[in-house]
Amino acid sequence: MNTIDIQGLDKSFGSVKALDRLDLTVAPGEVRGFLGPNGAGKSTTIRVLLGLLRADAGTARLFGGDPWATPVSLHRRLAYVPGDVALWPNLTGGEAIDYLSRLRGKPDQRRKAELLDRFELDPTKKARTYSKGNRQKVALVAAFASDAELFILDEPTSGLDPLMEAVFTQHVRELKAQGTSILLSSHILSEVEKVCDTVTIIRAGRAVESGTLSSLRRLTRSRVVAVVPQYDGSLDAHDGVHGLEVEIVDGGTRMSFDIDDAASGDVLAGLARIGVTSLTATPPSLEDLFLRHYGDEIAESEPAR
2 MNTIDIQGLD KSFGSVKALD RLDLTVAPGE VRGFLGPNGA GKSTTIRVLL GLLRADAGTA
62 RLFGGDPWAT PVSLHRRLAY VPGDVALWPN LTGGEAIDYL SRLRGKPDQR RKAELLDRFE
122 LDPTKKARTY SKGNRQKVAL VAAFASDAEL FILDEPTSGL DPLMEAVFTQ HVRELKAQGT
182 SILLSSHILS EVEKVCDTVT IIRAGRAVES GTLSSLRRLT RSRVVAVVPQ YDGSLDAHDG
242 VHGLEVEIVD GGTRMSFDID DAASGDVLAG LARIGVTSLT ATPPSLEDLF LRHYGDEIAE
302 SEPAR
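Residue numbering for the sequence shown is 2 to 306, as defined by my numbering.
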């Protein structure tokens, strides 16, 4: 049984369709990245999972249960961190953490103290004095101090500086090693790439790509830069080579091109026959895959020149 199982989920707000037959699963022990820009439907999906919204159609299940019908029992098994944390202004950070932790049982004071130290959070200050980043730390410490079976993290590093982002990444890796299920919703591609086993990319409320990182990378092309003594034109008409650029440099000819994974063996063998003096091959990143689905919107948003 999947920890999260969403099938054919629809949700509209008036004339705006936020979710369009969305499918999404998270298996036990899986860390799944949930990618998409603001407005793609990520937060709406999470609100349905938490029982805060009722879907128009389709099914959403947590641990096999209906989050709309039985939210209390299901919430005891999960921890949720939103991207914009609101706290009780007159409580201290420590009091807020204790209150949030008790919603899932008795808080682990030793683990809490360790997390406060790692995230460099002063728990004695009133919440109203906290910056956005410190409010985010309160939610992260409260979540990570629990024994939750599932962590739902919606833009969890919003407001954190790079050092604290690294602390967050390390803790997620530790949870992953323990076999904890995690749904990490983000538009920060590098964050997802560092910790996730699988990725789902959502566009206009529908999953457009879903799978392991290795399988998704095969859908894009690697970048190759090679220097050879003299180029013989053998790759000009090769079907697996794209955007070939040839430049005379000191020591030979530099060739830059994108290559389909299926053609890499043949192309690299051809380069070896020519005689390669240097070669770099960069595998595609999640950013490449993301731009494949959103590049047109980015281009439209850029000012005309």
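Be careful, since some hints might not be right.
Claimed, not checked - Derived DSBU-like pairs (lysine-lysine); straight-line CA-CA distance at most 35 Å:
(1) LYS107 / LYS133
(2) LYS177 / LYS126
(3) LYS177 / LYS127
To be verified - If you anchor each label on the Cβ, the simulated ranges turn out as follows:
(4) ASP85 / GLY271: 51 to 57 Å
(5) PRO284 / VAL250: 22 to 28 Å
(6) LYS195 / PRO230: 16 to 22 Å
(7) PRO163 / SER286: 23 to 29 Å
(8) VAL73 / ASP261: 47 to 53 Å
If you're looking for bench data, these hints aren't it; they were derived computationally from the structure. Here the structure is a predicted model, which is why all the values come from computation and not from measurement. Glycine included, every Cβ here is placed at the ideal spot set by N, Cα and C.
Structure-based check of all given hints:
{"no.": "1", "hint": "LYS107 / LYS133", "result": "holds, 27 Å"}
{"no.": "2", "hint": "LYS177 / LYS126", "result": "holds, 31 Å"}
{"no.": "3", "hint": "LYS177 / LYS127", "result": "holds, 32 Å"}
{"no.": "4", "hint": "ASP85 / GLY271: 51 to 57 Å", "result": "holds, 53 Å"}
{"no.": "5", "hint": "PRO284 / VAL250: 22 to 28 Å", "result": "holds, 24 Å"}
{"no.": "6", "hint": "LYS195 / PRO230: 16 to 22 Å", "result": "violated, 39 Å"}
{"no.": "7", "hint": "PRO163 / SER286: 23 to 29 Å", "result": "violated, 19 Å"}
{"no.": "8", "hint": "VAL73 / ASP261: 47 to 53 Å", "result": "holds, 51 Å"}
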